[in-house]
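*Asks:* I would like the entire structure built from these sequences, with the hints used as guidance.
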Amino acid sequence: MNKHSRWLMALMVCASMQSGMALAGEAGAMSKADEMKAEPFRDAKSVKALAVGEKLDILSKQGGWFKVKVGKATGWVHMLSVRKGDAKKGAVNSSGLLALSSGRAGTGKVVATTGVRGLNEEGLKAATFNEAELKRAEANASSKADAATFAKQGKLVARSFDYLPAK
Amino acid sequence: MRAQLFFASLLVSLPVAAFDLGGFGNIDLEKAAKVVQKVQKANADINEPQEIDLGGGIASNLLGAAPLWDNPPVQRYVNKVGRWLALQTERPDLPWQFGVLDDDDVNAFAAPGGYVFITKGLLARMSNEAELAGVLAHEISHVLRKHHLQALKKGARSELMSDLANDAIKSQGGDPRLSKLVSAGTEIYARGLDKQDEYEADRMGVVIAARAGYDPYGLPAVLQTLQSINPNDSNLALMFKTHPALGDRLSLLDGLMSESLADSEGQPDLAERFASQLKAK
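First to last, the sequence lines map onto chains A and H.
Residue numbers for the first sequence follow the working numbering, beginning at 147 and rising by one.
Residue numbers for the second sequence follow the working numbering, beginning at 198 and rising by one.
None of these hints come from the bench; they were simulated from the model.
Since the structure is predicted, the reported quantities are computational estimates derived from the model, not experimental observations.
Treat the hints loosely; a few may be bogus.
Claimed, not checked - Cβ-Cβ distance ranges computed for the label pairs, FRET-style:
hint: 1; chain 1: A; residue 1: 179; chain 2: H; residue 2: 365; range: 52 to 60 Å
hint: 2; chain 1: A; residue 1: 201; chain 2: H; residue 2: 372; range: 57 to 65 Å
hint: 3; chain 1: A; residue 1: 199; chain 2: H; residue 2: 372; range: 51 to 59 Å
Said to hold, decoys possible - Stretch-level coverage of chain H by chain A, calculated; a stretch enters the list once three of its residues show a Cβ under 8 Å from a Cβ in chain A:
hint: 4; segment: 343-357
hint: 5; segment: 409-419
To be verified - The list that follows gives simulated cross-link-like pairs (lysine to any residue, SDA-like), each with its CA atoms no further than 20 Å apart:
hint: 6; chain 1: A; residue 1: 301; chain 2: H; residue 2: 472
hint: 7; chain 1: A; residue 1: 183; chain 2: H; residue 2: 460
hint: 8; chain 1: A; residue 1: 271; chain 2: H; residue 2: 460
hint: 9; chain 1: H; residue 1: 351; chain 2: H; residue 2: 376
hint: 10; chain 1: A; residue 1: 271; chain 2: H; residue 2: 374
hint: 11; chain 1: H; residue 1: 377; chain 2: H; residue 2: 423
hint: 12; chain 1: A; residue 1: 290; chain 2: H; residue 2: 288
We put the beta carbon where it would ideally sit given N, CA and C, even for glycine.
*Replies:* Encoded structure:
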């Protein structure tokens with residue numbers, strides 16, 4: 147791959163990442179009073195004050211920030227000041243991957259079972275050893291070296307942070 | 198703790214040897230020595246190989262309730278994310294294993310010794326790798342802090358935990374008392390851990406994700422997504438029953454994250470890699 151095509155590739159990845167982040171106007175509301183900022187930073191200029199319960203549209207996400215539209219104003223609000231969606235309307239899913247869980251995606255093999263099964267209280271209390279499945283799980287395990295290579299491919303850089311204290 | 202107890206038993210047993218002269222003092226000292234032994238028994242912890250064996254049994258039971266999703270590429274992908282996270286912790290050398298359970302329920306589980314599972318139902322509601330990392334890191338934290346072992350020690354089978362710690366039960370070889378412990382360990386999933394353990398795993402999970410280079414807001418993003426699902430959805434019933442309210446978990450993180458993790462701003466969420474890995478099949 148020459149320099150030029152690498153650049154092109156980087157641009158394409160950038161573009162697709164942008165679209166991946168778009169939340170297509172998902173509804174939300176302020177879970178507490180907070181300020182709308184001009185940029186997704188704590189010390190960015192304040193655009194306007196938002197009251198608890200104020201309705202908004204979530205346009206995109208960047209780290210801990212949502213780009214939101216409130217009335218005619220657009221700006222950034224800290225993600226944890228927002229409550230997403232309208233629970234009464236049912237599931238909201240922005241990734242389009244929900245088909246996985248329908249069981250109709252053609253990937254979930256139906257295994258013949260007897261008796262109670264499943265991740266509910268009864269199922270867990272009745273659960274019995276599945277040694278073969280544990281062996282299968284082991285076979286998928288990753289080595290330290292594999293994990294480090296994988297991280298490098300994703301440009302993940304290990305950094306040091308202290309654990310957060312209990313409040 | 199172990200050193201302290203050793204010292205205590207030394208203090209008690211020494212006078213027995215040195216002043217073994219008369220009747221009653223001797224008896225009292227023997228009694229005291231027995232009390233010390235008992236205390237020692239109740240406080241002894243199982244060692245790491247025992248923890249791994251016990252956790253393997255619990256994990257095997259969990260897989261009896263829900264098998265692995267038959268999608269090896271995704272299973273390997275989740276293992277790489279998980280192992281990379283585990284490498285940023287104080288227990289990098291456990292035999293960490295991660296798995297996606299073939300179940301529509303929305304939940305995640307950890308077992309002692311380094312076993313971590315998430316359901317397909319939860320994976321399907323995630324939109325990037327940082328979210329996956331956040332959830333795995335929360336579960337990893339339960340293993341790091343041995344929350345399940347503590348719950349077992351406090352529960353109805355605490356006696357058996359002591360027996361295991363004192364080698365009265367062998368962790369391999371099919372002792373029926375061991376399967377009782379394993380069942381008790383599995384039942385914790387139906388009952389849930391201490392609320393404080395869940396909050397601690399949230400606080401640690403976001404930090405482990407940040408250490409691994411991810412946007413640490415993945416875990417709160419997942420909690421927020423779950424908040425937007427109809428709470429009457431039966432797929433969330435067990436998770437809701439066994440965890441503190443999502444709103445409480447989110448406001449706890451809100452109070453802590455913005456200050457301490459400000460330096461992690463701009464770390465990637467790898468939405469692209471996540472989407473391509475999950476759509477590959």
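*Asks:* Hints numbered earlier in the text: which of these fail when held up against the supplied structure?
*Replies:* Hints 4, 8, 11 are the ones this structure does not satisfy, whereas the remaining hints hold.
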